[in-house]
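Residue numbers (the numbering used here), protein chains in the order written: chain A, 5 to 283; chain B, 5 to 283; chain C, 5 to 283; chain D, 5 to 283.
Among these hints, one or two may not hold up.
Derived DEER-like restraints, expressed as beta-carbon distance ranges [to be verified]:
| no. | chain 1 | residue 1 | chain 2 | residue 2 | range |
| --- | --- | --- | --- | --- | --- |
| 1 | D | 16 | B | 152 | 15 to 23 Å |
| 2 | A | 160 | B | 156 | 49 to 57 Å |
| 3 | C | 136 | A | 72 | 51 to 59 Å |
Please keep in mind that the hints were generated in silico from the structure rather than gathered at the bench.
We put the CB at the ideal spot given by N, CA and C, even for glycine.
4 protein chains.
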Amino acid sequence: MERVVSCDLTFDVGEPADVALHIAAANGRVVRAERLDVTIDRRVLPAAIELATPHGGRLHLLRTPPGILSVSYRAELAAPPATAGQPAAAIRGGLPGLPGLEQLTYLRASRYCPSDHDVGFAVAEFGGLPPGRPQVEAITQWIHSRVGYVPGSTNVHSSADDALLTGQGVCRDFAHLGITLCRALQIPARFVAVYAPGLTPMDFHAVFEAWFDGAWWTYDATCRAPREGMVRIATGRDAADTAFVNVLRGIVALQSTEVTATVTGLLPIDDNLAPHRLC
Amino acid sequence: MERVVSCDLTFDVGEPADVALHIAAANGRVVRAERLDVTIDRRVLPAAIELATPHGGRLHLLRTPPGILSVSYRAELAAPPATAGQPAAAIRGGLPGLPGLEQLTYLRASRYCPSDHDVGFAVAEFGGLPPGRPQVEAITQWIHSRVGYVPGSTNVHSSADDALLTGQGVCRDFAHLGITLCRALQIPARFVAVYAPGLTPMDFHAVFEAWFDGAWWTYDATCRAPREGMVRIATGRDAADTAFVNVLRGIVALQSTEVTATVTGLLPIDDNLAPHRLC
Amino acid sequence: MERVVSCDLTFDVGEPADVALHIAAANGRVVRAERLDVTIDRRVLPAAIELATPHGGRLHLLRTPPGILSVSYRAELAAPPATAGQPAAAIRGGLPGLPGLEQLTYLRASRYCPSDHDVGFAVAEFGGLPPGRPQVEAITQWIHSRVGYVPGSTNVHSSADDALLTGQGVCRDFAHLGITLCRALQIPARFVAVYAPGLTPMDFHAVFEAWFDGAWWTYDATCRAPREGMVRIATGRDAADTAFVNVLRGIVALQSTEVTATVTGLLPIDDNLAPHRLC
Amino acid sequence: MERVVSCDLTFDVGEPADVALHIAAANGRVVRAERLDVTIDRRVLPAAIELATPHGGRLHLLRTPPGILSVSYRAELAAPPATAGQPAAAIRGGLPGLPGLEQLTYLRASRYCPSDHDVGFAVAEFGGLPPGRPQVEAITQWIHSRVGYVPGSTNVHSSADDALLTGQGVCRDFAHLGITLCRALQIPARFVAVYAPGLTPMDFHAVFEAWFDGAWWTYDATCRAPREGMVRIATGRDAADTAFVNVLRGIVALQSTEVTATVTGLLPIDDNLAPHRLC
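Input sequences plus hints: build the corresponding full structure.
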């Protein structure tokens, strides 16, 4: 199964600006073809600087004069090399099960995942289950059954607490809530922005990864696209780390976004709870 | 069963001040004896102005010069007159079940009871039960089993959301959470500050009342004192309406609080869920 | 100057429902003509029950079967009777300046006006000014200069804190912020829903009233319509008390709202800070 | 000037537990002597695992059986090697002023620093100043003059918004507010936990660093200890990254904390605004 993903973004740039884009597929797959084209008022803008972000992510920095900024990204991706995607072996000497810095980082409360605030709720609701996979699966099912997918119900300031209490949200809120409840149970969890073949309506999507049994496992409480088809873009603590665009300087208004994501052949079927690892 | 309640408050008044006290037993019982003594630097302060607050409450306004302000209140109270405490009959003509203004008021979100924010959670957790008493009882049990009574875990700014998510609080938080979940289910609910014989450690206490079947029914999710022994002080939307002291002007620091509340004979036994109406 | 106001609301009622409407002009003006017409699927619905709300407000309760509910309200209003609108004289005996229960109520923190949380900010920013009118005027100017009127920037859960920190909001947020800062300075303040001739685009509008010098004075930090032309609808602690519609039972979806408000002759000019009392 | 710092912590461990300690001085100084002693019920606990955290930080992981856990850390530190502490030279090729990943990370909103929420306020209050150092200095002065240092006024869930609005906080709140306002103005900013000779009462302390002119500059809006004497412990987005202890597994209660920090000779004098770089 191969994947073709793309996004086309248009911005109105009002004064000289610096922009960070987090739209490219993360490293880890075989790249058959890939293009990132950027123009300002239809003239080519010199190449962006690429920065490596966690878990293979690639962030592109642009410096642009005023005008209409068009960004077009397209990639054709094959399955990852055979060696990728294996669970990390005992990566820390000495004491089995002690977390590394990566796991510690993703245990901590973050902007949209105030896990320190929700320990009581999480322990009361899920603390009686065996740690690790059973808790993460129960969290995913609980969110799916309790939170409605309602576009416009939340905004850029909304946290997991809002999703839990209002019972509404969009994909980022579902992911934030999953992360928050995991961390509140001492399970490292992180946010993943993805291209998601099969998503309707098509857009950027978000899922979460939880750490247990020595690996990061991917869950999508929205159940709106099969995990097997997804292509990782950015990985971080929450949406603050993974926004597809950040304006660092100047006045820039997003005017349009168009995302596509397809697979060759039939879309995989996903039971939404079977263990899955996103490469 | 008679009740004797008292409170002794001491304040340090730094400049001429106006203070509102909400400490007297509400009207509705036979008063055997009652005293409110106020001194400033051990000299008697002229009589306070008494204002009537909802449901028989009595608020006392003081104007005081600087000094050490001592407030001493004591009341001996017998059972209410025989006619009190009956369910309000059909108080509204025409359409049975339509709320009056009192019920409408206590359906609305308030400072510490953001019921608008919690509709999704309340409906998902309790919406499947029959409306009215079954929902209120389920809410009370849920709070009792899920929230720990932890002095110091919350502060004067904490809302019902904090109690729900952190799983901790004190009596006002338990009452706020009960009120919030009721209102989110369209059940009018309100906050009651009480003297509570049997409470340990003794202090001012708070419970909530929910409206169904044509009357206000009292619930105490803390289960820390029998409802039958309680003496109503102030009734309102939440703790903002019922604080035992409010400083309206000047600089006033509370230095000490001592509350007592006893009943003659044995303390009643309370199963915590049987319907109870506080007079 | 006469005023003509109207609103036409359409709802989709999915099951038998009870609805509360707060759309009629409050008492206090000479009523030349007034109609409230309610139909369900184009058949007349029996008369609503009218409840009196604070400061002359009038709330209408409807019980309706499923269908398309149409509500049409229209009123022609002349200046208030000559005796109306005078400052309340010394309404409390004994101690001048001590608040009555009305003023105490509007000193308290409410759902969207968490004044207890903002005392530090309010005192630091405005506490150096003389109490009363100078503080209220400074608050109004500060909000006007600091908060942008941005439709869609807030939602029904947003509080005054959101307006203060994000620097954005709509009329209800401006009013909530004015109320919050006043209360934090011990100035009673309340929310008023109004018809506002001259508002663009036309809609329901909201302003706030602050109590000083023995009267309630009206301020509109949005400066989007002259206060003299406004017609009071509902008065309360904040938007929770004054919503133009509340669904008390059943499933009801608002489908359309159309508001008009005009004055005879020229629209008055408003300097936005001169003392004004809304009748 | 040499520094001697220490901390002694005692915990009650109720069941087998994993604990992370962030108490050791960060790398960057000449270490004259350093000890970390850990005992459980007075028996030596095998050596902790040390993990490197950002900016030289060192985190120690312990696995402990139940009992009384005693942690004792002590270090004597001299000035950093001559080559340390120089501003990072042009670390990024190509486009001057474009941030690196480190700067991007510290531009993002975090748990206690919701900078996305406060852009409006920050821009209105400080946006008229020249970017960089003038803004950071104005922020520091504003916080110092507007926020009172009040132990107990906030708790572990409090954010910068609470400090801004209540006008109260402790050192972590001061740092969170400085960070939040900087990030809202597009200035990278981060949290630093330190030993602070001269602090009264002695305890762990927190300051913030802002990025401008190609380096991280240290500010302390509390003005409670001279920056020159401080010893960096942990660096991160906010207090979530830098807690001196985190319990990763098991039940662990902190029983006592004792911190010391001294310098040889006189304590430096700090004008609190002069540029300072903490090594």
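Verification of the hints:
Here the CB-CB span from residue 16/D to residue 152/B is close to 19 Å, well matched to the stated 15 to 23 Å. Hint check: residue 160/A to residue 156/B, Cβ distance near 34 Å, so the stated range 49 to 57 Å is violated. One distance hint, 51 to 59 Å for the beta-carbon pair residue 136/C and residue 72/A, holds here, with the actual separation near 53 Å.
In the structure shown, a violation is registered for the earlier hint numbered 2 alone.
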